[in-house]
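Make the full structure from the sequences, and use the hints.
Residue strings, one per chain:
There are 2 protein chains.
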Amino acid sequence: MQKYFITKEDLALNRITGDDAYQIATVLRFKGGETVMVSDTFSNYLAKIKSVSKDEVTFEIIEEKAGDMELPVFVSIYQGYPKGDKMEEIIKHSTELGASKIVPTFMKRSIVKLEEKKIDSRIVRFQKIAKEAAEQSFRSKIPTIDSIPYLKTINFDDYDVKILCYEENAKNGELTNFKSIVSNLKKDQRVAVLIGPEGGIDDTELEYLKNKGFIPCALGKRILRTETAVFYVLSSISYEMELKKWVKLVL
Amino acid sequence: MQKYFITKEDLALNRITGDDAYQIATVLRFKGGETVMVSDTFSNYLAKIKSVSKDEVTFEIIEEKAGDMELPVFVSIYQGYPKGDKMEEIIKHSTELGASKIVPTFMKRSIVKLEEKKIDSRIVRFQKIAKEAAEQSFRSKIPTIDSIPYLKTINFDDYDVKILCYEENAKNGELTNFKSIVSNLKKDQRVAVLIGPEGGIDDTELEYLKNKGFIPCALGKRILRTETAVFYVLSSISYEMELKKWVKLVL
Numbered sequence: 505m506q507k508y509f510i511t512k513e514d515l516a517l518n519r520i521t522g523d524d525a526y527q528i529a530t531v532l533r534f535k536g537g538e539t540v541m542v543s544d545t546f547s548n549y550l551a552k553i554k555s556v557s558k559d560e561v562t563f564e565i566i567e568e569k570a571g572d573m574e575l576p577v578f579v580s581i582y583q584g585y586p587k588g589d590k591m592e593e594i595i596k597h598s599t600e601l602g603a604s605k606i607v608p609t610f611m612k613r614s615i616v617k618l619e620e621k622k623i624d625s626r627i628v629r630f631q632k633i634a635k636e637a638a639e640q641s642f643r644s645k646i647p648t649i650d651s652i653p654y655l656k657t658i659n660f661d662d663y664d665v666k667i668l669c670y671e672e673n674a675k676n677g678e679l680t681n682f683k684s685i686v687s688n689l690k691k692d693q694r695v696a697v698l699i700g701p702e703g704g705i706d707d708t709e710l711e712y713l714k715n716k717g718f719i720p721c722a723l724g725k726r727i728l729r730t731e732t733a734v735f736y737v738l739s740s741i742s743y744e745m746e747l748k749k750w751v752k753l754v755l
Numbered sequence: 505m506q507k508y509f510i511t512k513e514d515l516a517l518n519r520i521t522g523d524d525a526y527q528i529a530t531v532l533r534f535k536g537g538e539t540v541m542v543s544d545t546f547s548n549y550l551a552k553i554k555s556v557s558k559d560e561v562t563f564e565i566i567e568e569k570a571g572d573m574e575l576p577v578f579v580s581i582y583q584g585y586p587k588g589d590k591m592e593e594i595i596k597h598s599t600e601l602g603a604s605k606i607v608p609t610f611m612k613r614s615i616v617k618l619e620e621k622k623i624d625s626r627i628v629r630f631q632k633i634a635k636e637a638a639e640q641s642f643r644s645k646i647p648t649i650d651s652i653p654y655l656k657t658i659n660f661d662d663y664d665v666k667i668l669c670y671e672e673n674a675k676n677g678e679l680t681n682f683k684s685i686v687s688n689l690k691k692d693q694r695v696a697v698l699i700g701p702e703g704g705i706d707d708t709e710l711e712y713l714k715n716k717g718f719i720p721c722a723l724g725k726r727i728l729r730t731e732t733a734v735f736y737v738l739s740s741i742s743y744e745m746e747l748k749k750w751v752k753l754v755l
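Note that the protein sequences, when read in sequence, are chains W and L. Here the first sequence is numbered in the working numbering, starting from 505 and rising by one per residue. Here the second sequence is numbered in the working numbering, starting from 505 and rising by one per residue.
Among the hints, erroneous ones may be present.
Pairs involving identical chains hold if they fit within one copy or between any two copies, as the list cannot separate such chains.
Straight-line C-alpha distance at most 20 Å; calculated SDA-like pairs for lysine to any residue [to be verified]: (1) K690 to K749; (2) K675 to S547; (3) K587 to I633; (4) K714 to W750.
By construction, these hints were calculated from the structure, which means they are not laboratory data.
This is the structure we're talking about:
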């Protein structure tokens, strides 16, 4: 089943407009009678398609669905801006894995330099990727992506917990920090996760982040690429907080 | 520091040959005196470069390093053959995250059809990706990739534990199977993980796999793409089995 994030106004008018309507009419070729999920990011509804045109698809709501598909903590990913199209891959998969906010961050060893005028269009593109990934993974919310800041302009004061993914800890055999932090997380806490770009974190950045309250953590024994670290972090938080041990097997 | 997997013979002769020697001479432009890691996949050594040419780099061994960078269980990933170049992405990241064996598997809903004659060259390419990812992540071993079988030709009898990543379990709110299995794993157990291609697992395949002892599992609350599922599985196994809670913070 497809899921669509629509505006409050469209929800009130029981309609889907814009690119989504176009997709339903021309790619999916729905004719009416099909079932989809619609959401205004607050509530999720099972809806039945009534009419289809390229500009507007109308529906009737069948029932409200429990919408709690979100991680029990708010995780903001501060990702040192990587090379090539890795940032898009990171946004796509981080969204599936439950990130609340993704902040592509310029750090000393980021190789990409974006011209000022290109930043806005890049953010629009990132937001589109996040919206599509949120729909595809049945998220209740779309992660926020609203700027591409330099590290030192970011205010980290509002976070309860600050995790710095740091490969030197893995090389030194540190294996306790990450699990100790994650296993102590409480529902609704705000978690900042910082991951360096390919070249890693500069010494002055390391000191700066430690002073801001970040705790350097190894993610297992192996050295992960920059784009792999975020998968480890979000998967582990889900494993620790969302999954339970069985009373009985559900086959 | 770079890591190189070399043959037993080259290790005995204290030399690096082939593509790796070429890379050291022309890309890294080492001149001698630099330190690298070398491994025959059984032992790991810190080595100092003595001489460099495009055909042969010689070294002297400084010391043997503890080589246990491997997950405490043997995880074989049976990945329903996906579209495009996703299989390469999966091999790269699964290697970083500790998979022992990766088996691209033709399933009913795999869209890719490889001609017989192309399979061998594809396997060679996959093995190259796994070797590079193992070097980059400081693995002690390179994961095995030695065939692209059809699902029903695979013998799963030797596995202690069989995990089927199944999105319908996530849709139905099942949240206990995966963690119950992973938290009960014992060192050196053999774990089979099966992940369907983009279109998912066919009903007849589902029944077949259940009969073979696979347990369907949700991976958190959200619906993951085929290429994201494996990251969740391997990260969670590392988190559960490799990481510990602290006695004290290591800063």
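Reference check for the pair K714 and W750, CA-CA at most 20 Å: within, between, both, or neither? between (39 Å within a copy, 18 Å between copies)
Classify it for me, K690 with K749: is the Cα-Cα distance of at most 20 Å met within a copy, between copies, both or neither? Both ways: K690 and K749 sit 18 Å apart in one copy and 16 Å across, limit 20 Å.
Up to 20 Å CA-CA - S547 versus K675, copy category: between (45 Å within a copy, 17 Å between copies)
When Cα atoms must be at most 20 Å apart, do K587 and I633 count as within-copy, between-copy, both, or neither? Cα proximity of K587 and I633: in one copy and across copies (17 Å, 19 Å).
Checked against the numbered hints given earlier, the structure satisfies every one of them.
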